[in-house]
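Asker: So the sequence lines, in the order shown, correspond to chains A and B.
Heads up: the first sequence runs through residues 47 to 456, numbered per our numbering.
Heads up: the second sequence runs through residues 3 to 420, numbered per our numbering.
Keep in mind that the hints were calculated from the coordinates and are not lab data.
Positions of the beta carbon are idealized from the N, C-alpha and C atoms, including for glycine.
Mixed in with the good hints there might be a few duds.
[Unchecked claim] Pairwise CB distance ranges (calculated):
#, chain 1, residue 1, chain 2, residue 2, range
1, A, Lys314, B, Glu73, 20 to 26 Å
2, A, Arg402, B, Gly257, 36 to 42 Å
3, A, Thr255, B, Pro80, 22 to 28 Å
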Amino acid sequence: MERQIAITGIGLISPLGDSSAALHTALCSGRTGVRKAGWQGCYDSACQLAAQLIDFEPQKYLKGRPLRPLDRSSQLASAACGLALESSGWNSERRGANDLAVILGTMFAGMHNIGDFDRTAITSGPASVSPMAFANTVINAAAGQTAIWHNMRGPNTTVAAGSISGISAVGHGVDLIRYKGSKAVLAGGVDELSVESFCGFSEARLLCTNHASAELPIPFEQCRNGFALGEGAGFLVLEEAEDAVKRGANVMAEIKGYATAFDPSQGKDRELAVRALSRTMSAALKRSGMTADEIDFVSASANGSVVGDSQELAALASVFGERAETLPITAIKSGIGEALAASGPAQIAASIETFRTGELPGIIGLNALSKDCRLKGISSETRMIRARSALINGLGLDGNCCSLVVALPQ
Amino acid sequence: MPFHLGNGHSEEPREEIVVTGVGLITSIGAGKEEFWRNLMAGRSGIGPVTAFSTENFPVHRGGEVKDFNAECYIRRLPPGTAGRTSQLAIAASKLALDDAKLSFTESDLEESGVVVGTTSGEPGVIERFDDLYVEGNINRLGPEFISKYPCNLLAAHVAGELQLGGEVLTIPTACAAGNYAVAHAADLLQLRRAKIMLAGGSDSFSRITYTGFARLGAISADLCRPFDRNRKGMIPGEGAAMLVLERRSDAIARGARIYAAIAGYGLSCDAFHMTSASPEGDGAVRAMEMALRTSGILPEQVDYISAHGTGTATNDRLETVAIKRIFKDHAYDVPVSSIKSMLGHAMGAASAIESVACVLAITEGRMPATANLETADPECDLDYVANTPRDRELKVVMNNAYAFGGNNSCLIFRSCEA
Numbered sequence: 047m048e049r050q051i052a053i054t055g056i057g058l059i060s061p062l063g064d065s066s067a068a069l070h071t072a073l074c075s076g077r078t079g080v081r082k083a084g085w086q087g088c089y090d091s092a093c094q095l096a097a098q099l100i101d102f103e104p105q106k107y108l109k110g111r112p113l114r115p116l117d118r119s120s121q122l123a124s125a126a127c128g129l130a131l132e133s134s135g136w137n138s139e140r141r142g143a144n145d146l147a148v149i150l151g152t153m154f155a156g157m158h159n160i161g162d163f164d165r166t167a168i169t170s171g172p173a174s175v176s177p178m179a180f181a182n183t184v185i186n187a188a189a190g191q192t193a194i195w196h197n198m199r200g201p202n203t204t205v206a207a208g209s210i211s212g213i214s215a216v217g218h219g220v221d222l223i224r225y226k227g228s229k230a231v232l233a234g235g236v237d238e239l240s241v242e243s244f245c246g247f248s249e250a251r252l253l254c255t256n257h258a259s260a261e262l263p264i265p266f267e268q269c270r271n272g273f274a275l276g277e278g279a280g281f282l283v284l285e286e287a288e289d290a291v292k293r294g295a296n297v298m299a300e301i302k303g304y305a306t307a308f309d310p311s312q313g314k315d316r317e318l319a320v321r322a323l324s325r326t327m328s329a330a331l332k333r334s335g336m337t338a339d340e341i342d343f344v345s346a347s348a349n350g351s352v353v354g355d356s357q358e359l360a361a362l363a364s365v366f367g368e369r370a371e372t373l374p375i376t377a378i379k380s381g382i383g384e385a386l387a388a389s390g391p392a393q394i395a396a397s398i399e400t401f402r403t404g405e406l407p408g409i410i411g412l413n414a415l416s417k418d419c420r421l422k423g424i425s426s427e428t429r430m431i432r433a434r435s436a437l438i439n440g441l442g443l444d445g446n447c448c449s450l451v452v453a454l455p456q
Numbered sequence: 003m004p005f006h007l008g009n010g011h012s013e014e015p016r017e018e019i020v021v022t023g024v025g026l027i028t029s030i031g032a033g034k035e036e037f038w039r040n041l042m043a044g045r046s047g048i049g050p051v052t053a054f055s056t057e058n059f060p061v062h063r064g065g066e067v068k069d070f071n072a073e074c075y076i077r078r079l080p081p082g083t084a085g086r087t088s089q090l091a092i093a094a095s096k097l098a099l100d101d102a103k104l105s106f107t108e109s110d111l112e113e114s115g116v117v118v119g120t121t122s123g124e125p126g127v128i129e130r131f132d133d134l135y136v137e138g139n140i141n142r143l144g145p146e147f148i149s150k151y152p153c154n155l156l157a158a159h160v161a162g163e164l165q166l167g168g169e170v171l172t173i174p175t176a177c178a179a180g181n182y183a184v185a186h187a188a189d190l191l192q193l194r195r196a197k198i199m200l201a202g203g204s205d206s207f208s209r210i211t212y213t214g215f216a217r218l219g220a221i222s223a224d225l226c227r228p229f230d231r232n233r234k235g236m237i238p239g240e241g242a243a244m245l246v247l248e249r250r251s252d253a254i255a256r257g258a259r260i261y262a263a264i265a266g267y268g269l270s271c272d273a274f275h276m277t278s279a280s281p282e283g284d285g286a287v288r289a290m291e292m293a294l295r296t297s298g299i300l301p302e303q304v305d306y307i308s309a310h311g312t313g314t315a316t317n318d319r320l321e322t323v324a325i326k327r328i329f330k331d332h333a334y335d336v337p338v339s340s341i342k343s344m345l346g347h348a349m350g351a352a353s354a355i356e357s358v359a360c361v362l363a364i365t366e367g368r369m370p371a372t373a374n375l376e377t378a379d380p381e382c383d384l385d386y387v388a389n390t391p392r393d394r395e396l397k398v399v400m401n402n403a404y405a406f407g408g409n410n411s412c413l414i415f416r417s418c419e420a
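Sequences and hints are given; from them, build the entire structure.
Answerer: See the structure below:
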C-alpha cells in the first residue's frame, strides 16, 4: 500500500481572493477576475483582457523585514507559502526543527525583473545595474527568496514545465514524501503577469480578442478564440497522511497520484496530442488506484484556446468512455485567466472547496458549448453534487500534460 | 544499496541506475573524445567574448562555444524553432544517444523522457526583447518570443526533436541545475516511470549573466584560477552536456557500455542569502552528508571530488571548509579539482559537463587537473590536482555544485567494475 499524502495547508494569492474559500465563492457566483488590462501605451495589443492582481499588497502577508530584495514573483510566492504554512501549522519553530522541502513550479519566474535588469544595462550602462536585482535574474530566485523568508532548508527545487508547472510541482512533492524520505513538502507554483509575457503571448496570437458574442475568454465555448493571461501563486503543504493525523493537523484532502506525459508533436498533431493527454489521465488514475468511474468531477485545463480545449474534450471522452457523457466537468480559467504555474494549485484548492461545500462552480460565461462537444456534464450553472474525488488536468502549450487525482480521505 | 528510499518505506524495487552514454558541446570541444583529449591536455576554452560587445565592461573574456552548427544536429524541428540553449541541448542529446548506441523502438520513445537543467534558459531571446523595447519597436517582436523563450522549452525541444513521450522537464536551479536534472532523472528510472532518460544541462552565453557578474566584480579579467591564492574570480561560459541513464538490468540486457552508476545524491538549501553561501559552508555540508548517506558510502571511500571551484575568493574558500568538515583528516587524501579553470563556468550546464568528466574519469582512471594553479593559498590547502592530470583507479567520485538561491547539490558516481 502506497503511503497516502495529505494536504494540510493551502495558500493562494489570486485575482479572486487570497483563500480557497474566497476563490470558490467567487467562481460559484460567476464573478470573474478577468478585466480590461493595459500596458501604459508601451504596447498596443489586440487582446485587452487579463486577470491581474490589482490590489496585491505584499506587506499584508510579509511582515517585519524589508521587502526590497524580493521581486514581484518572489513576493507572490513568499506570500502564498506563508499562508500555506500558517494554515498547516508548520510554524517557525517546527520549520527550525525539521527541514522542509520546497518545489516551486513556474513558467516565467521573475521575467519582468530579468528584462528590467537588462534594459537598465542597455540604457545606463552595465555598471549601473543593481546587484540585488541581479540575484533575482536566476529562474530559481522565487524559490530561493521564499526559502530565506520562511527558513526552509530542505531540498529546494524549481521545476519548469510551462503552464502545467504548478501541478507538476505538486506531483513531484508527492514523490519526495513517498519515496525520498521528506517529512513535509511545500509545493505549488507562481507566475506573474508582465509586459513581457503579455506582449509575447499576444504577438504569438494566443490571447483572446474581444468579439461581440463573448467578452470573456471562455473554456469550451463555441466561439472561443484564445485565452486571457492571469497571475498569482498557489502552494500546498503536503505531508504523509499518518504523520499529519498523528500531529493533529487538519487533513483537507489527499493527493492520490499524478502522472505526466509529453506530446512529441507539441500540439501540432491532434491525434498525438489527444493520446498524450489520455495517457496522462489514465496513468494518474492507475497510480491513484482508482477507476474513471470513481472520479466525481474533473477540473479541466481548458482556458479558451481553440486547439487545446478541443484536444482536452477528445481526451476526456476517450478516457472516461460512456461515463464522459454525464461526468461533471468544470473549468475555472474564465474566472482566474490562464495563470500558468498558478493555475493548477488554484484548480486543486477550488476542488477541495467543492468537496467541502458540495458546490461545483459552473464555467463562467459559458453560452454555447463547442460543437465538437458531446459531453453533457459541462455547464455554466453552479451545481450541488456529492463529491469526494476529482481529476485535475493541465495541458501545456509545449506538449506537456499533467493529471493529478485529489480526494477526501477514506 | 544504490538508493535509500526514505524511512525504510520502499514500495518500489530498487535498482542501480547507470550512465550508458554521454554527449557534450563545450568551449573546449564537442563530443566526448575531443572534450576529454582537450581536458587532459589542459587546453583553455577562454577567449575574447564575441556574443556581444564588451566595450562598456571592465572585463572582456568568456568561455564560449565556437563553431557550433545546429544544422548538423537538428533534423526534425523546423529551422529557427529552437533558441541557442535548446540547440546546444539537442546537440548534446544526440551525441549522447549516439554514444549509447541506442535505437529507440516506438514503445521506448513513449516511455522515455528528458530533464534539462539551466540557469537562464534562452537569455538571447529576452535580450532581443529588451533591445526592441528600448528602441520602442516592441510591436516587431513576432511570435518567436513565446515559441522560444520559456525555459520549459529546453526539455520540450529536445523531446520534440527526438520524439520522446515520457516525462519532459526543465529544472532551472541555476548553477547546480545539471546535478538536479541527473538526480531527478535517476529517481524517475528508479520509480519505473521511464525506461530511458536523457539528463543534463544547457546554457548559452548571456549578456544578462555577464553584466551581473561583472557588476559583482566576480569576473576575472584574464584566467580562472580556482583555489589559487591570486584567484580573481570566475569566467562566464556556456555549453551543454547530456547523459543517457538506464536501469542497470536494461543496460546489461542490451549489451550497453556502462560508464558508471549513480550511487546517490544530496540536495539542500542554505535559506541564508541569494548570492552568498552560508557561513562555514553549512548548506554544502548538508548536501554532501545526504549524498553519502543515500549512497551508503563512507567519506574514506571517495576517491576524487569534482569541485564547484568557480575561482571566486569566497566559493573556493568555503568549499574547502565544507570538504574538510565532511572528510575530516581524510580531506587531505582526496584529490579535488575544478575543470572550470579550463572551460569557464557554463552555468546550468556546468555540473552536467562535470558529471560527464566524472564518469569519464572513472572509466579512464584519470583525474582532470585544476589549471592555472600556481600559488598555494593557506586557506585552500587540499590536493587540487594542480595543472597536470593524474592517473588513479577511481571507484567513487563526488560531483559538487552550488547555486544562487542557496541551492546546493552533491552527486555521487560509482564504478561498475566488479
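Asker: Each of the hints needs a verdict: does it hold here or not?
Answerer: Verification of the hints:
Roughly 21 Å separates the CB atoms of lysine 314 of chain A and glutamate 73 of chain B, a value that falls within the hinted 20 to 26 Å. One distance hint, 36 to 42 Å for the beta-carbon pair arginine 402 of chain A and glycine 257 of chain B, is violated here, with the actual separation near 56 Å. One distance hint, 22 to 28 Å for the beta-carbon pair threonine 255 of chain A and proline 80 of chain B, holds here, with the actual separation near 26 Å.
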